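J.: Residue-level listing of the chains:
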Amino acid sequence: MHGLRRVPENLSGRGDKVMEDKYDVVVVGAGPAGSTAAYSAAKNGARVLMVDRRRELGVPVQCGEAIAEDILNELGIKPDRRWAVNRTNAVKIVSPSGIEIRISEKKVTGKVGYVLNRKVFDKFLAVRAVKAGAEAMIGSYVNGLVFKNGRIGGIRGVGLDGKFEVAADVVIAADGVGSRVARWAGLNTALRFDDIETCAQFQMVGVDFESLSMLEFYLGSRISPGGYAWVFPKGDDLANVGLGVLGSRAERRPIEYLRDFVSRMPGLSKGKIVEVNVGGVPVCGPIEETVGDSLMVVGDAARQVNPLTGGGIDSAMRAGTIAGEVAAKAVEEGDTSKERLKEYERRWKEAMGKRLTRYLKAKEILLGLSDGELDKLAEVLRGVKFDRISLTDMLKVLVKANPKLLWKLRGLL
Amino acid sequence: MEVDSSLCLRCGACVSICPVDAIEATDSYVRPNERCTDCGACRKICPVGAIK
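As you go down the protein sequences, you meet chains A and B in turn.
At position 348 of the first sequence the residue is numbered 330 (my numbering), and the sequence of numbers has no breaks.
At position 27 of the second sequence the residue is numbered 160 (my numbering), and the sequence of numbers has no breaks.
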């Protein structure tokens, strides 16, 4: 494979020198969506180029770094201690007035999750793509699409060696929450203030938390209006402590809410901040139209994020895998029309469309509840012994205890 | 739109909220292009208050 021989040069950032100027598939963005798409397209025989503006993938971290294990199993990726730094199997949800709900997965059959080190994980996924034959062009900023006869025919940008232009049969937009590629192609992906959670996170050392295997979630309009705060353990006394506030409800910057949260939590306030992360998470649910002629949109760029939790790594990797495969097949067949690429849209909707829509509904219901109402729900859930982490299980208990809720929660069960 | 580069962490939240695709965000800078109408959306969404 032409790609393999060139790996070291590419990763050293001198992509331009060895770059060919025509590829089957060009992927813009090398996060989990892009790297998975590049891997999948290369595996399916396409000549792939992956471009990222960053000189160091996975940096800056814009993520709480928690992930469910399912997606790794699905894609046959074996968790590695270098990036799956902590295993989790329980959650604690704390209501505005401090009522705690604990849910542990069954010891034997339970699903587990991981807290990741995204800097290592993202690089791992990119290297996986490159090893499968994709070329990588790092530190290269894509600033426009190239159109040929009114149709997308490639990308252009500025890299470490100056301006470049690359032709492609298919462009995959994996350029994250601030995606512009889809917009240039005429898809409307601009967010409104109630579509985005702005997040701030401290990585803190010297903190106390209940258990290394437990993810903690804190609700309340005082803590983080329209969002939640989290404590995700990464090591013995190391954790990601962060929160997201809904753009339309925030009265202050997320970092200010976060400072307040940390100072009010005895286990956290004595900790030391060793890293600061910020970012935006799209919580509007996936965009409907994710393909065009010679174009596919994946991951955060397509808003393929769980609107309730803000988790998007799994969806990104699922969508990326499908997109890469469809792109490679479409190129091979010589038909990269929107009609042909719709296979991607049909398949990602099949894989996760319903689930994301359901979480969107759940989010909207939660946003409609006052702190007092959240406390009442927590009161009901507190005494119940759950043996798995499931939205459906929790809803069933709530409706049983308070049939009046059924009306509000309809459509979710 | 004016970005204080000592505060900006280049997270891209401003790019996602910009209604007219007026923000260039590379690995080294975030700045407006000629489409910027100074509507203030980016200022409001910036998690660290880097936009003046």
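Each hint should be verified, as a subset may be incorrect.
As the list claims (entries may be wrong) - If you want a taste of the chain B side facing chain A, the calculated C-beta under 7 Å gives, among others: (1) 142; (2) 144; (3) 145; (4) 148; (5) 149; (6) 150; (7) 167; (8) 171; (9) 180; (10) 181.
As the list claims (entries may be wrong) - Covered stretches of chain A (in silico footprint by chain B; criterion: 3 or more residues with CB under 8 Å from a CB of chain B, positions within the stretch not fixed): (11) 112 to 126; (12) 233 to 246.
Hints listed in this document are in silico derivations from the structure and should not be mistaken for laboratory results.
Just so you know, these numbers come straight off a predicted model, no measurement behind them.
Built from N, CA and C at the ideal position, the CB exists for glycine as well.
J.: A separate judgement is required for each hint: does it hold in the structure or not?
T.: Consistency of the hints with the structure:
| no. | hint | in the structure |
| --- | --- | --- |
| 1 | 142 | holds, 5 Å |
| 2 | 144 | holds, 4 Å |
| 3 | 145 | holds, 3 Å |
| 4 | 148 | holds, 3 Å |
| 5 | 149 | holds, 5 Å |
| 6 | 150 | holds, 5 Å |
| 7 | 167 | violated, 13 Å |
| 8 | 171 | violated, 17 Å |
| 9 | 180 | holds, 4 Å |
| 10 | 181 | holds, 6 Å |
| 11 | 112 to 126 | holds (count 3) |
| 12 | 233 to 246 | holds (count 3) |
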